[in-house]
Amino acid sequence: MPTIKLPTPLRRFTGQTKTFDTAAATVGEALEALASQFPDIRGALYTDTGDVKSFIRVFLGDQDIEGLQGLQTPLAADAVVSIFPPIAGA
Amino acid sequence: MLELTEWELEKYKRQIMIPDFGVEGQRKLKNAAVLVTRLGGLGGPAAIWLAAAGIGKLVIAHGGTLTPSNLNRQILMRADGVGQSRIDQAVETLQRFSADTEVIAYGAHANDQNAAEWVAQVDVVCDTSPEFGERLALNRECWRQGKVLVDSGMNGMECQLTVIRPPDTPCLQCLVPELPDWWDPLGFGVLGAVSGALGALTALEAIKMITGYGQPLLGRMLTYDTEDLTFQTFDLHRRPGCPVCGES
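Heads up: the sequence lines are chains Y and B, in that order.
Just so you know, we're using this note's numbering here: the first sequence kicks off at 1 and counts up by one.
Just so you know, we're using this note's numbering here: the second sequence kicks off at 1001 and counts up by one.
To be clear, the hints were calculated from the coordinates, so they are not data collected in a lab.
Backbone N, C-alpha and C fix where the C-beta goes; we use that ideal spot for every residue, glycine too.
A couple of the hints might just be wrong.
[What the hints assert, rightly or not] Pulled a few chain Y residues facing chain B out of the computed Cβ check, cut under 8 Å:
1. P7
2. F38
3. A90
[Said to hold, decoys possible] Below, a sample of chain Y positions facing chain B; criterion: calculated Cβ distance under 8 Å:
4. P9
5. D62
6. D64
7. A79
8. F84
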């Protein structure tokens, strides 16, 4: 089953959950499933019009989905999706 | 170009021994200048490792005074310095450790008003601020002046590091086209060992860019999670229409 790895700054929206397994067929469906399971994360990931926020980078394995098929990128059963918001400082 | 003295050849002989680094790499460090903005858990270790490596000039910047909660990670500070200027303590520590390094200090944070003057004095900028606005101001000025920006950040146990070189790589504005509305610059825990390790890598990337040694993270981002020590490197892409680098 595909897995989404959640970065630390977004875990406060998921009750500190670090990974999320989903049966979604595409990256976009996986993110939507995540937001449905954890409604508080929706505002951190999506704009009011439903687009993924511009500073959120999503990777499938080690590839930015922008270089693949974007949110339509299909997911294999063992896919690992990583979300990378920008982070700063110490 | 300034030549190395006998003292410097002896002091730095262990890094001069590194294949492909050598005397020429050391000479380049002596003749280089680096700006480190913020001297906290990340910038402090970056600054001291740059000084230790023999950078000729360090320009450092940090506003404010020391608080007790800074002391788990801000290694340029002193326990008896709580309530006192952080920049003064940083200068004292750096010069005590490496008197060969010229240190120019500013007791303020970077912004659109001072970034041009600060960036103009150096070859490489190491940006370690917790504030995205500050980072983006430095990014704009580095891009305008054609200076290398080593950008590192952390959150909890996770770290990110990349090297930006105009006009070859995407810029920071490509990665942060708008400010994350949920970002809280002091809203996460920090272990000094985590920020210190990233500070050391930040210094290393600056050293690589100055000396030409190795393969720096140009156009790539290193991300790692120190909780389980998983490391990944990603290629970065220029954002179409980026107002900073999009016309290059």
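Evaluation of the provided hints:
| no. | hint | in the structure |
| --- | --- | --- |
| 1 | P7 | 6 Å, holds |
| 2 | F38 | 14 Å, violated |
| 3 | A90 | 4 Å, holds |
| 4 | P9 | 5 Å, holds |
| 5 | D62 | 6 Å, holds |
| 6 | D64 | 6 Å, holds |
| 7 | A79 | 15 Å, violated |
| 8 | F84 | 6 Å, holds |
Hints 2, 7 from the earlier list are contradicted by this structure; the remaining hints agree with it.
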